[in-house]
Structure formats: structure tokens, C-alpha cells
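**Q** These protein sequence lines are chains A and B, in that order. Just so you know, we're using the numbering used here here: the first sequence kicks off at 191 and counts up by one. Just so you know, we're using the numbering used here here: the second sequence kicks off at 191 and counts up by one.
It is worth saying that the hints were derived from the structure and are not from the lab. Incorrect hints may appear among the rest.
The list treats identical chains as one, so a pair stands whether inside a single copy or across any two.
Claimed, not checked - The list that follows gives simulated cross-link-like pairs (lysine-lysine, BS3-like), each with its CA atoms no further than 27 Å apart: (1) K591 <-> K677; (2) K439 <-> K591; (3) K657 <-> K274; (4) K455 <-> K216; (5) K347 <-> K377; (6) K377 <-> K438; (7) K438 <-> K218.
Chain by chain, the residues:
Number of protein chains: 2
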Amino acid sequence: MHSNRINIPQLHSRIKTAEDAAGLFKDKMVVASSGFTKAGDSKAVLKALAARAANDPLQITLITGASLGHGTDGLLAANHVLAKRMPFQVDPVLRRSINEGEVLFLDQHLGESAELINEGIVPIDIAIIEAVKINEDGSLVPTTSVGNSPAFAAAAKQIIVEINTSVPLSLEGVHDIFSAGIWPSRKIIPITETGTRIGNSSIQVDPSKIVAIVLTETTDSPAQINERDEKTRAIANHLLEFFNHEIKKGRLLPSLRPLQSGIGKVANAVMEGFIDGNFHNLTMYSEVIQDSAFNLIDAGKLAFASASSITVSQECYQRVFNNFERYKPYLILRPQDISNAAEVIHRLGVISINTAIECDIYGNVNSTHIGGTHMMNGIGGSNDFARNAYMSVFVTQSSSKAGISHIVPMASHIDNTEHDVDIFVTENGLADLRGLAPREKARLIINNCAHVSYRDELNEYFNNACKAGGQTPHLLQEALSWHTRLKENGTMLKTNPVEF
Amino acid sequence: MHSNRINIPQLHSRIKTAEDAAGLFKDKMVVASSGFTKAGDSKAVLKALAARAANDPLQITLITGASLGHGTDGLLAANHVLAKRMPFQVDPVLRRSINEGEVLFLDQHLGESAELINEGIVPIDIAIIEAVKINEDGSLVPTTSVGNSPAFAAAAKQIIVEINTSVPLSLEGVHDIFSAGIWPSRKIIPITETGTRIGNSSIQVDPSKIVAIVLTETTDSPAQINERDEKTRAIANHLLEFFNHEIKKGRLLPSLRPLQSGIGKVANAVMEGFIDGNFHNLTMYSEVIQDSAFNLIDAGKLAFASASSITVSQECYQRVFNNFERYKPYLILRPQDISNAAEVIHRLGVISINTAIECDIYGNVNSTHIGGTHMMNGIGGSNDFARNAYMSVFVTQSSSKAGISHIVPMASHIDNTEHDVDIFVTENGLADLRGLAPREKARLIINNCAHVSYRDELNEYFNNACKAGGQTPHLLQEALSWHTRLKENGTMLKTNPVEF
Chain A
191 MHSNRINIPQ LHSRIKTAED AAGLFKDKMV VASSGFTKAG DSKAVLKALA ARAANDPLQI
251 TLITGASLGH GTDGLLAANH VLAKRMPFQV DPVLRRSINE GEVLFLDQHL GESAELINEG
311 IVPIDIAIIE AVKINEDGSL VPTTSVGNSP AFAAAAKQII VEINTSVPLS LEGVHDIFSA
371 GIWPSRKIIP ITETGTRIGN SSIQVDPSKI VAIVLTETTD SPAQINERDE KTRAIANHLL
431 EFFNHEIKKG RLLPSLRPLQ SGIGKVANAV MEGFIDGNFH NLTMYSEVIQ DSAFNLIDAG
491 KLAFASASSI TVSQECYQRV FNNFERYKPY LILRPQDISN AAEVIHRLGV ISINTAIECD
551 IYGNVNSTHI GGTHMMNGIG GSNDFARNAY MSVFVTQSSS KAGISHIVPM ASHIDNTEHD
611 VDIFVTENGL ADLRGLAPRE KARLIINNCA HVSYRDELNE YFNNACKAGG QTPHLLQEAL
671 SWHTRLKENG TMLKTNPVEF
Chain B
191 MHSNRINIPQ LHSRIKTAED AAGLFKDKMV VASSGFTKAG DSKAVLKALA ARAANDPLQI
251 TLITGASLGH GTDGLLAANH VLAKRMPFQV DPVLRRSINE GEVLFLDQHL GESAELINEG
311 IVPIDIAIIE AVKINEDGSL VPTTSVGNSP AFAAAAKQII VEINTSVPLS LEGVHDIFSA
371 GIWPSRKIIP ITETGTRIGN SSIQVDPSKI VAIVLTETTD SPAQINERDE KTRAIANHLL
431 EFFNHEIKKG RLLPSLRPLQ SGIGKVANAV MEGFIDGNFH NLTMYSEVIQ DSAFNLIDAG
491 KLAFASASSI TVSQECYQRV FNNFERYKPY LILRPQDISN AAEVIHRLGV ISINTAIECD
551 IYGNVNSTHI GGTHMMNGIG GSNDFARNAY MSVFVTQSSS KAGISHIVPM ASHIDNTEHD
611 VDIFVTENGL ADLRGLAPRE KARLIINNCA HVSYRDELNE YFNNACKAGG QTPHLLQEAL
671 SWHTRLKENG TMLKTNPVEF
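Excised from the complex, chain A in its bound form (with noise of 0.2 Å):
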């Protein structure tokens, strides 16, 4: 039974209830779970954790990739077993916990997540790793994402692993794990080409640590799909206007450089407009692969991806793991602190888009806080990647619902300074930031990307702000009064707008 999934007679003895692998678990543990972008987590063993502490109460550090699907994050905060969370979240009941106080959340740059665990800062107890196989040398053969397991795996003292019979064994050898190493003999990361392997097709683990094996068959929560509606439209155009400008120019090539993109509609829509224009010979060096870039794929315009996890619709899900092979040449799956290594970053010079939740007139991105303190999911690989961009693109709709611009005076909380903004993007237009003072990049956000009905104001706080002087000119008595008239008014604007 199983035995081409469990590749150790001697550990079919450890295969276990998900009921009986929660019972693993002490209080103040630190627990680490694979699980990027909602690919490739745990499916059983966290949920039987959650199910287990509403009668026996017990409370851990949980450090993941990234984001767990399947509300796992939201059942074991209902179930107040997060004392600790890190380094990112997106679910809606995790959210309110941390927002409330009870759950500590740390923010973390995903590429630099693993360090803390390499060095030892923050020991593991229990990782728990969905993997497609355990091979004969105990090493695990990930399923759709790599995330942070290499390093997991490496440190926990005890593992469990839950082999997901629905993913398919043609993933083998679509995973590239390579570690740097830590101090003082930390390694080049030899990777010149989007595409250039440089590790093993498996993570390797020492079998004794095994405690447990959970066996599972449910498939990833799938991605919802972002149709492309006028608004996200009009970004995308603005942008690959811009890129074909810089090809004009002789800047960019048709193949333009490897691209990283968010996740998200606006981000997706930039990347599906790619099938309509002249580019070709795209690649993509990104945390993340979602359908688009399986429409590319299919269009003949995506040359290779790499990324940490595949998080698809259903529809795509299907259309991918039903026909692996089709898909397997032009996919790599790395470490996270590989997809989103500075090094490799800066040396491939790649083009990074991802989505601002708000901007300043300077240029500031806020990526993470609402209203400046509430925390919507997390900084993710946002700063990874613009920090050490060739070209750092942030894009957003420049207002939402009735009152809220997106573009203000100051932002709220800072997550990408101005220093790694260099292109900003919303429906109404584009402002090309590099090379430009602070003073010059405001009256260009302002009219180029500001929505009309906040314009005006804007024009005048920054006029008032000039007045004063500084580099960065501003009214600290009103750099956030849009944010706190919005709280107090239901809008940003000291008049009201005629029409949004």
C-alpha cells in the first residue's frame, strides 16, 4: 500500500490518523508547516490540531511559507491556538485575531524567513511537510510549492510528513532545492538564467525524524479568478504602453526581462495582457505561478517560469496536473529564499509588479496596513523583489468605493520606501519615477495617476507643503487628516466629490 509513495518499508509503520499526528503537539511549541501561497500546505494535520485544542487547549508559534488555504489559518485562530504567526496570512479570521491583539504576527520579507531558522534564532520543534513521496534515502519530493520546507526540514527536531496521494508523481523533478548555507561558508547562488537548475529534485531529511506520516487527498484551495474588468484594463494597458515605449527607446528587448508579479486582479491583468501584445520569449523569476502564466504558456509567448508554488484556479488546476508533462519543461519550483534571493533578483534584472494597497505623492508604497494599523495580509515578497528590481512596478486602482483615494498625501505605514518605487501605475495613468526628486515625482503621481475628483486637493496640500519647504514638503498637522477625515466622514476629500 503505498509503496511507491513511501519509498521506506520501515516508516510505513509511522503512517498515522491526522487525529493521532495532532497529539504530537505540546503547548509553546514552535511548529513549522509547509504551505506558499495556499499551495502545497497541510491539509489534515493542522486542522486536527485546531479540532483537538476546542477540547484541549493549547497554544503555538505556526511559521509557514506563506499563506494556508483551505481556512486552516482562520480554524486555528477560532480555536485560539496561535500565539505566534509567521512570516504572512490572508485569511479573514486570522486577520481579526491579530488586528484584536491576540495573535502576534511578524511581517517578514518571505526571502529572509528562512534565516532565522538557520541560524538558529528561532529553533523548530515540529514541521509538518506535505510532500508527493518519500524517496529510499528518506528525502521528500515536495507537492506545489517548495516555500520554506528545505529549511523546515532541516531544523525541526521532530517531522511529520503528509503524503497528498491526488498530486500526481510526474511533479518529481520539477523542484530545484539549494541552499546557500549559513555563515561562514555561505554559497554563491549559481543562477544566471531564469531557468538554470542548481540543486536536488528533493529535500533532504533524515528519516528518525520522522514521527509521523498522514496520508491526504485533498487538492489545493484553488485561486480565485480575477476576470479583467475596465479599470484593471486600463493599468495593464498603461503599463505594456510603457514597456513598448521602452523597447522603442532601445531599454527593454520584445522579450522584455524576467518578470515577478504579485498576486492579485490588477497584477493578473497586467500579466494576461501579455497574450495580446507584441511581446515574446517572456520568462518569468516570481514567487508565484498562477493561470496566467499557464495562458502564456499556451500562447507560445512564456518561454520558461520560475517561482516558489503554483496556486491556480480550479479550472487551471485540472488543466495542469491532469497533463503534467505538457507543462514540466517550462516550470522550476525553488526554495523561497531562492525565488526571492536579492542575489538572483538584482543579476537577472528582473521587472517586478505588485500591488500597492496605498501611495504617497512621494512615491512611499503602503503594501500591508489598512488605515495605517490594521493589517490586511502581509509585506510578502513585495520589497524582495522591488528593492532589487531592475524595474520596480507598483500598481493600483487609484480610488476605491466612495471617498478613498488611493494616492495621499503621506501614506499610512511604509513597506517600499520611495528609494525602490520606480514605476506607478493606476487606471488613469503611468509616472515614470527614476531620476526624479521627490518634488517632481508629486506633481507627476498627482497628474498622472491621482483620480480627478482628488486632484485638486492633492495639488493643494502639495502647493501649501512647498511653502514650508524640505525635500520631502509636507504638513505634518495634515498629512494624515485625509485618513482620519475618512474615518470620522466616510471621506478622504474636505469637500465632498460631485461623482466618483
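We have chain A; now place chain B onto it with these hints.
**A** Same frame as chain A, but now just chain B:
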């Protein structure tokens, strides 16, 4: 004459006075100059250009490595020569022009400033490069800094060389000139130890681009001597004690890891503190080599120092350059896109020590702006190092003058986000922020680091903010009130303190 300094006979005819060389500049030109932390800058031509502009107005964009010495930036600003300036400055006269909006200033990561030039986004008309000598093949041996000079020399249409005869020829061999090139053939930077040599001893130059050679004999502006005082000693002691604690925990060795230290009296006190401590075989991978490094070499504590410049006091200058062969085996000078390369800083596991202007209770650091609006110097390399270091330390005095706390509810400008700040130190104590969520950081920063006069009001703000909830609790209507109160009442406090 100067045949050992200018080794291409045909070039002798291009020797000009600084005044004649200054005649080569035209209005609206983009001019690049060597110079990094006041070392190896143009001593004659830029000053002559300022003098010329007094009668014959013109405006240029000036790009350097980092700061210039000899008040040159101030002279240029006073004579209205600067339309735009990048990527760094420290001049009080220029600072005023920047803050008045007369000079547009691009505050750039020093490690990234070559990229705009290499990629052709900012084309260079004339580059001025200070050199020890011109070799037979036209290549230049730089003086006391490398900075962006290799990028300038490659990109500029015309080059003016300032041969500084006061700098000994024995400097030849201390520089290591390497360019990773540009996409799509950007190379690995193969540095695996602070002392790895990967390039040439001189900057390649097409001799036909050399339009003028100007002879000078002016030494670099001496660095200010920063004597240790009670506060800076206290900061240094907290940090040294912490390093000892990390050694005991087995996370560091007595050789620590390669050190980077910013400029300033606090950073200097920390470096000087190593002389007395139980540390040995220290190394530096930094931007600038200061007096403290030579004192550590003389004390047998520092095994090697890599940087982009040597900036020392007058006394130290004599000691080092009159006896350069003694120090040369300990030193390497690199281009600033190599000294500050994310790739190398991360690989070497650097411990970075930089100075904050202010830090908020959640660990966000303002490195540049006074009162949130007025530029001090620039971000420099602080985020190149803090973002990629193994351990990123920020130091500051907890308060200054009466009424100014350097720990505030919300930073009025953010250059280094909480994600990039591991250790924060003031004379009162140290906060190890690794593995902590924002609410945990706040308690630690307020209670360990803030000046006792401000602790109650900081805790009051934090407690009230927590009642309103959030990952990063804030009361937006009060968040910047400490800064506005300072402007209005001369103190950040609501109640005047008894004593500071």
C-alpha cells in the same frame, strides 16, 4: 614632467589648468565626479566651475559617488550651478538649497546609484575622476576612493582626469575594480570573503575620451575627530555586551562577522570599543574605512577591511599614507556597487551598524529627514546594508537638546522599515527585535531605549493606540503630534519635563 603619473606621452599635451578645464562644461550637462565620503573627490575642476559660473551662469546635474569635501558642493550651490544632485551630500550650504527647493536632490541607495548610469537611463556628458596616475593603456589608478568612478568612466562621453600628486603611487594595488556588467549577461560577484580580489587594479578608460588632465596636490578634507563621550561610550558598551551574549549563546564567534559601520560619533565609538573587548580577528565589509579601523589594525584586532573609500582625520591621514605599504595588506577599495552589493552583504553575513535620526516605537527608522521634511544628508548605504545584513543594528542617542526624543510614536519619515531593523540601541539600553511582533517591539523599545523623560508619554500613546487595535496600533490624529508640538512649543512632551 610627471612621466610616472601620466604614462601615455601623447596625453601630456592635454594638461590644462582647472580654469581651462572648467570651460568645457555647457549648460544642462550631466556631470559625474569621483568622490565618496569626501575622499578622492575633484579638488580643482568643480571649484573652478563654481568660480566660472559666478560670471557665466550655467546649470548642471551633478552625480558623484557620495559626499564631496572642501565645501565644493556648497560653492556650486551658492553659485547656482546645481540643477540636480545625486546620490548623497553632506554640505550645509547645498542642504539649504535642497530644502528650499532650488536644487533637486535624488536621495539614492549608494549601492544602486550606478545602475541608472550603466543602464543608460541617465547619460553622462563629462566625468571628472581623481587619479594617482594614468597607466600606459589609459587606465586610471584611483586615489582614496573608488565610488562610482568605473561606471562614470565607462558611460561618459568625455573624461577630465585630476592627477593628485600628493597621493603616493604606493596606492596602486589597493583597488579592486570589477563590474558585474549589465543584463542579459550580468555576472556573479564572486566575493566569498572580505578580502577576495575579483578585478583589476585600475579603471579601464578609452584614452581618446580624456579631454583634459589637471594636476593638483590638495589632500582630502580631513574627517572630523569624534571623541567618545559618556553617551556614545554607553551605546557602544550595550552593543559590545550584546555581542558577548551572542558569543555565549553560540550564535557568534569572537571574530563576529564582517562589520559595516556608518559615519558618525556613535558608530565610531562602537568601533573604538572593539579595541578593549575580547574580540579578535575582526573583519570589515563596509563603505568607508575610518580612523577606528586603522586603530584596530594597529591594536592587532582587525584582520581585514574592505570598503569603497578611506576617510580619516589629518593625524591618521599622515600615519596611513606616509606608511601605506604597512597597511596595504589589510585593505581593499571597491566600487560602491560592489562594497554595497546586496549579493555580497547577504552572503558574507554582515553585521551592519548605522545611525538613526529617529526611530518609532515599532522600529521604523528615519535616517534622513529632520522633522519629516528637511533633508540632512541622505540614505547613503544604510539600507544597502540593513536590508541584507545578517544583523542590522541602528544606534542613536535617546534624546537631544531639551524636548527632542529620538524615539517617537510614528517616524516622520521612513528609510529603513521595521522589517530591516534587528537591534536598536541608545545610551539607555538595547532592544533585540528579532522574532518579535510590532506590539512586542514597542514595549521593548520604549522601556529599554527611550529617555526616561519620555517613557510615560510613549507608553500612554502606545496603550491608547492598542485600545483602537491593529497590527501596528496608532492614533493617526496624534501619531505626528510629537513633531508638531516640538515646532509649536519647543518640546515633544505634553508636559514639560523636570530635567533632561
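**Q** Hints first: check each against the structure and report whether it holds.
**A** Against the structure, the hints come out as follows:
For the homomeric pair K591 and K677, the shortest alpha-carbon distance inside one copy (14 Å) is at most 27 Å, but the shortest distance between copies (36 Å) is not. Proximity of K439 to K591 under the C-alpha cut-off of 27 Å is found in neither arrangement, the shortest distances being 38 Å within a copy and 53 Å between copies. Taking CA atoms no more than 27 Å apart as the test, K657 paired with K274 passes between copies only; the shortest distance there is 20 Å, against 46 Å inside one copy. With identical chains, the CA atoms of K455 and K216 are never at most 27 Å apart, being 40 Å at best within one copy and 49 Å at best between copies.
In this assembly of identical chains, the alpha carbons of K347 and K377 lie at most 27 Å apart only when taken from the same copy (25 Å versus 39 Å across copies). Taking the shortest alpha-carbon separations for K377 and K438, only the inter-copy value of 26 Å comes in at or below 27 Å, while the best intra-copy value is 39 Å. For a Cα distance limit of 27 Å, the shortest separation of K438 from K218 across copies, 25 Å, qualifies, whereas the shortest one inside one copy, 59 Å, does not.
Of the numbered hints stated above, those contradicted by the structure are hints 2 and 4, listed in ascending order.
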